[in-house]
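Below are the chains, spelled out letter by letter.
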Amino acid sequence: MTGWFPIFLREMLLFKRKLFKLGYLFSAMVVPVIYLITFGLGVGRSMQVQGTDYLTFLIPGLVAMSSMTNSYTWVASALNLNRLYFKTFQVLVQAPINSFAIMIGEVLAGMAKGLFASILIIAVGLLVAPDFTLSWLLILTLLLNCFLFACLGVIVGMITKSHEDTSTYNNFLIMPMSFFSGTFFPVSHMPKILQEAIAVFPLTHTNILIRKSMLDSEGLTALAILVAYAITFFLLGSRLIRQYSE
Amino acid sequence: MIEVTGLTKSYGPAAHRFLALDNVSFHVASGTVFGLLGPNGAGKSTTIKVLTALSRPDAGRCIIDGIDLSMAPLAIKKRIGVVPQENNLDRELSAYENLMIYGMLHQVVNLPQKIQQALEAVSLWEKRETTVNHFSGGMQRRLLIARALLTEPTVLFLDEPTIGLDPQIRRQLWDVIRKSRRAGRTVMLTTHYIEEAEALCDMIGIIAAGRMIALDTPDNLKKTVGEYVIDFADGDGNLCHIMTRTREEAYEQAKTLSNGVTIRRSNLEDVFIKLTGEKIE
Numbered sequence: 585m586t587g588w589f590p591i592f593l594r595e596m597l598l599f600k601r602k603l604f605k606l607g608y609l610f611s612a613m614v615v616p617v618i619y620l621i622t623f624g625l626g627v628g629r630s631m632q633v634q635g636t637d638y639l640t641f642l643i644p645g646l647v648a649m650s651s652m653t654n655s656y657t658w659v660a661s662a663l664n665l666n667r668l669y670f671k672t673f674q675v676l677v678q679a680p681i682n683s684f685a686i687m688i689g690e691v692l693a694g695m696a697k698g699l700f701a702s703i704l705i706i707a708v709g710l711l712v713a714p715d716f717t718l719s720w721l722l723i724l725t726l727l728l729n730c731f732l733f734a735c736l737g738v739i740v741g742m743i744t745k746s747h748e749d750t751s752t753y754n755n756f757l758i759m760p761m762s763f764f765s766g767t768f769f770p771v772s773h774m775p776k777i778l779q780e781a782i783a784v785f786p787l788t789h790t791n792i793l794i795r796k797s798m799l800d801s802e803g804l805t806a807l808a809i810l811v812a813y814a815i816t817f818f819l820l821g822s823r824l825i826r827q828y829s830e
Numbered sequence: 641m642i643e644v645t646g647l648t649k650s651y652g653p654a655a656h657r658f659l660a661l662d663n664v665s666f667h668v669a670s671g672t673v674f675g676l677l678g679p680n681g682a683g684k685s686t687t688i689k690v691l692t693a694l695s696r697p698d699a700g701r702c703i704i705d706g707i708d709l710s711m712a713p714l715a716i717k718k719r720i721g722v723v724p725q726e727n728n729l730d731r732e733l734s735a736y737e738n739l740m741i742y743g744m745l746h747q748v749v750n751l752p753q754k755i756q757q758a759l760e761a762v763s764l765w766e767k768r769e770t771t772v773n774h775f776s777g778g779m780q781r782r783l784l785i786a787r788a789l790l791t792e793p794t795v796l797f798l799d800e801p802t803i804g805l806d807p808q809i810r811r812q813l814w815d816v817i818r819k820s821r822r823a824g825r826t827v828m829l830t831t832h833y834i835e836e837a838e839a840l841c842d843m844i845g846i847i848a849a850g851r852m853i854a855l856d857t858p859d860n861l862k863k864t865v866g867e868y869v870i871d872f873a874d875g876d877g878n879l880c881h882i883m884t885r886t887r888e889e890a891y892e893q894a895k896t897l898s899n900g901v902t903i904r905r906s907n908l909e910d911v912f913i914k915l916t917g918e919k920i921e
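Protein chains in written order, with the working numbering: chain A, 585 to 830; chain B, 641 to 921.
Since the hints were made in silico from the structure, they are not lab data. Cβ atoms here follow ideal geometry from the backbone N, Cα and C, with glycine treated the same way. You may find that some hints are simply not true.
Claimed, not checked - Looking from chain B toward chain A, a few residues come up when the C-beta cut is under 7 Å (computed):
hint, residue
1, Lys689
2, Leu694
3, Ser695
4, Lys717
5, Lys718
6, Arg719
7, Asn728
8, Asp730
9, Leu733
10, Met744
Just chain A, same shape as in the assembly (with noise of 0.2 Å):
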C-alpha cells in the first residue's frame, strides 16, 4: 500500500515548480482576497451575522470554498489534462499498484495544494479579523473538506472527456456552491425551497461545522454528512480508476 507515496511525490515535485512562480500564489489567493475585500471590508464592515461581525464570519466560509476549489480544481483538472493529453496517467495504471494506492496519491496530493491555499487565507484571516481564532474543529472540517473535494476532483478528472468538460462541471457544481451554500451569508437568509436544495451541497455542511466551536448535534449532523460524502467520493473514484480503459 506505499505504491500512493511515488504519486504524492511526483504532484509535490511539480507543485514546488509551480510554487516558486509568483504568478501560483497570486492566483491561489486572488480570488479569496478579492472576497475578502469585497464583503468582508466593503459590504460586511458595518454588518452583524449571527451574533459575530461579517469578517469573523466570512473567513471560515473563505478557508472552506478556498480548500474547496483548489483540491478539487487542481486535482480534477491535471488528471483530465494527465490522462487525456499528456498521457502520464498511463504510467500509474501501468504501474504494479491497485487503484487504491493512486486514488490516496491523487487525494492527498489535492488536499496538500487545498491545505496551502486554505493557510493563507486563514493567515489573512489572522491579521484582519480580531475574532477569528483556529479551533480543533476548524481544522479538522478542513482536512475533511480538502479530502471530499479532492476524491470530487478525481471522479470528475476520470470521467470528462475533454478538458473543457471540467469548466462545466465546475460551472454546475463548484460555482453555485461557492455563493449558495453558506459562505458569504448563512442559509437560513434563503426561501426555504431553496435551503432544501442547498442542504444537498456538501460545502453548506462544511460551512455548518467551521464555524462551530464546540460539536453539537447540529455539528455532528454535519459531520456525519461530509463523511457520508467524503467515503462515497473516495469509493467511487477508487472505482472509475480501477475500470480504466482505453
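Take the given structure of chain A and dock chain B to it, following the hints.
Relative to chain A, chain B alone:
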C-alpha cells in the same frame, strides 16, 4: 514469452462499433524480437495497449511469462517494460526525477544506481537534471527507453519506438533493442518502418484492419509470396511488380517485358503489398 489467443477489442457504441482487433492470435518465444507490422489504424497500438494492461479486451486470452493477464495484472506489470508511441514523460520534471518516480512506482531496489545505469545506457546521464521539455524528440525517446529498462523487465513492449527520429538516432535505438534481446528479453515492437522490422525481428506479424493476416519469420514470409520481384513500367508509365519464386523464373518473365525492367530480391514491403493490396504509410 507472450501467448495471445482470440484477442478481440472494439470501440464505440453498439450502433457504430469499430472492431479494432478481430480474433488476433500469436505466440512470441522467450528471448526473441517480434514485430507487428501494419498501416496506421491496423490495430498495432491497440494490441500493445491490451498486452500492457492499459486497455481491456472484449474477448481473448493474453499470457505473459506463463501468467494470465486477466487473472494477475499486477504480476504482469512487474515483468513488463513499455515504450509508448506517444511521449508520456512528465515534461516539467527532470530526466532523473522521471526515472525516480517510475522506479518508486515499480519498487525498484538500489534505485539511484539503476537510474545511473539506465541513463548512461542511453547517453543521458549528463543531462539528468535537465527538465524533459528542454529535450529534443530523440532524447525524449531515449529517456522513454531508459525508463522502460529501469525495472529490468523480462518482456519489453515498444510501440513505434523510432517514429519521427532521424536515421542516426534510430540506429542507436536499434542497438538498445538488440542488446535487450542479447540480455534474454522478449521484445515486441510495432512499426511501419520496413527496414526496422527487417533489421530487428525474428518473427513478423502483419496486421491489417484488426486481423492478423500473416505470421512467420521474415525469410519465410518472403518465400511465401516470392523471393524475387520484377519492377517494370506498363504502357501508361505506371510502376508495376511481378513476384516470382526463383531468380530463373524472374529472368524468364523479364524477357517478355519491355525496357526499364529491374530484378531484385523481395522485401517485407513487397510481402505487405502482396498480402494487403496497400502500401505501408
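Hints, verified against the model:
1. Lys689: 6 Å, holds
2. Leu694: 5 Å, holds
3. Ser695: Holds, about 5 Å.
4. Lys717: This hint holds: Lys717/B lies near chain A, its Cβ roughly 4 Å from the closest one there, short of 7 Å.
5. Lys718: 5 Å, holds
6. Arg719: 9 Å, violated
7. Asn728: 4 Å, holds
8. Asp730: 6 Å, holds
9. Leu733: OK, holds: Leu733/B within 7 Å of chain A, min 6 Å.
10. Met744: Constraint on Met744/B satisfied, holds at 4 Å.
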